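K.L.:
In case you want the letters, here they are:
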Amino acid sequence: MDDSLKRFRSFAKLVRIFLNISFWICIIGVMILIFCKIALLFISNDTIITELGISIPFKLSYDNIVQYNITNDVSIGDIEPILNLIILIGIIYLIVFCIIVKQLTVILKSVEKGNPFNENNSLKLKVIGTTLIIASLITPICDMLLAIKVIQFLNINIDSFNYSINLTMLFSGLLILLLSGVFRYGSKLQEEYDLTI
Amino acid sequence: MAIIVRLDRVLVEQKMMLNELADRVGITVSNLSNLKTGKVKAIRFSTLNAICRELSCQPGDILEYTDDE
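Each protein sequence line maps, in turn, to chains A and B. For the first sequence, the working numbering begins at 1 and goes up steadily by one. For the second sequence, the working numbering begins at 1 and goes up steadily by one.
Among the hints, a few may not be true.
Claimed, not checked - If you anchor each label on the Cβ, the simulated ranges turn out as follows:
#, chain 1, residue 1, chain 2, residue 2, range
1, B, Asn19, A, Leu137, 55 to 61 Å
2, A, Arg7, B, Leu48, 51 to 57 Å
3, A, Ile25, B, Ala50, 32 to 38 Å
4, B, Gln14, A, Tyr193, 25 to 31 Å
5, B, Ala50, A, Asn120, 30 to 36 Å
As the list claims (entries may be wrong) - Listed next, the stretches of chain B that the computed footprint assigns to chain A, with coverage defined by at least 3 CB atoms under 8 Å from CB atoms of chain A:
#, region
6, 25-34
7, 37-48
The set of hints was computed from the structure by calculation and includes no laboratory data. Computed from a predicted model, the values in this text were never measured in an experiment. Ideal placement from N, C-alpha and C gives every residue a C-beta, glycine not left out.
Kindly generate the complete structure, drawing on both the sequences and the hints.
P.N.:
Shown next, in the form of structure tokens:
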């Protein structure tokens, strides 16, 4: 039992280190995206994208399934709405990821110390669950907006768009909220156990 | 809580220090101190058994019930 517990704690430490690195990579990613947004403000709309080192043809897709090759010269002004949206969506996704990862690192730290059942972890899980539920509503909107912009750019005629909630994210969020209740109960049991001699 | 722990009284009668009792019973001094001050929520029979054995007393000598009302 002790050996498996030691291995589990070592595994938790490894995962925590990995998540910490991912967190900081995401923070750097957010800063890079903000920098790109600021840089876009200083680039003239008439600048052709090949002048920025982007080679023609470049691929564009609105659903990540079908990709369109853009073969003619495109100016920054033509694709600026798409670029702005990509930057905004990227920042939103990264912030959601950062929030979740930060909560997880705190939870894993308590697992390493051998104290996973505490009130703080229950709150962290509640934050993760709530973030996932909100993201399940927002991320499809982001994807839809990007699809609209790309389709407008490609001059494709579209009748209507369908919006659907990301059910996987929604149910994951609900499950984690349930788990936070379990951890809250666990923390009460842990307190009882700790105060039993 | 209506249960009062009279461990300090029994320790004085037996002329034993808290840390000595903790060593003999096999629990930490802080846990025994928590018991003495009434901060614990529960005590295992095995622990109560060990304390009574070392102090040569009855559980009723250590634990007392008073009506809060």
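K.L.:
Would you mind marking each hint as holding or not holding in the structure?
P.N.:
Cross-check of the supplied hints:
Checked against the hint of 55 to 61 Å, the pair Asn19(B) and Leu137(A) passes, with Cβ atoms roughly 59 Å apart. With their beta carbons about 36 Å apart, Arg7(A) and Leu48(B) fall outside the hinted range of 51 to 57 Å. Taking the beta carbon of each, Ile25(A) and Ala50(B) are about 54 Å apart, not inside 32 to 38 Å as hinted. Evaluation of the 25 to 31 Å hint for Gln14(B) and Tyr193(A) yields a pass: the beta carbon distance comes to about 29 Å.
Look at Ala50(B) against Asn120(A): about 34 Å separates their beta carbons, and that is inside 30 to 36 Å. Closer than 8 Å: that is the beta-carbon criterion, and the region 25-34 of chain B has 4 residues meeting it against chain A, so the requirement of 3 holds. Coverage of the region 37-48 of chain B by chain A holds [criterion: at least 3 residues with CB-CB distance below 8 Å; count 7].
In terms of the numbered hints stated before, the structure departs from hints 2 and 3, listed from lowest to highest.
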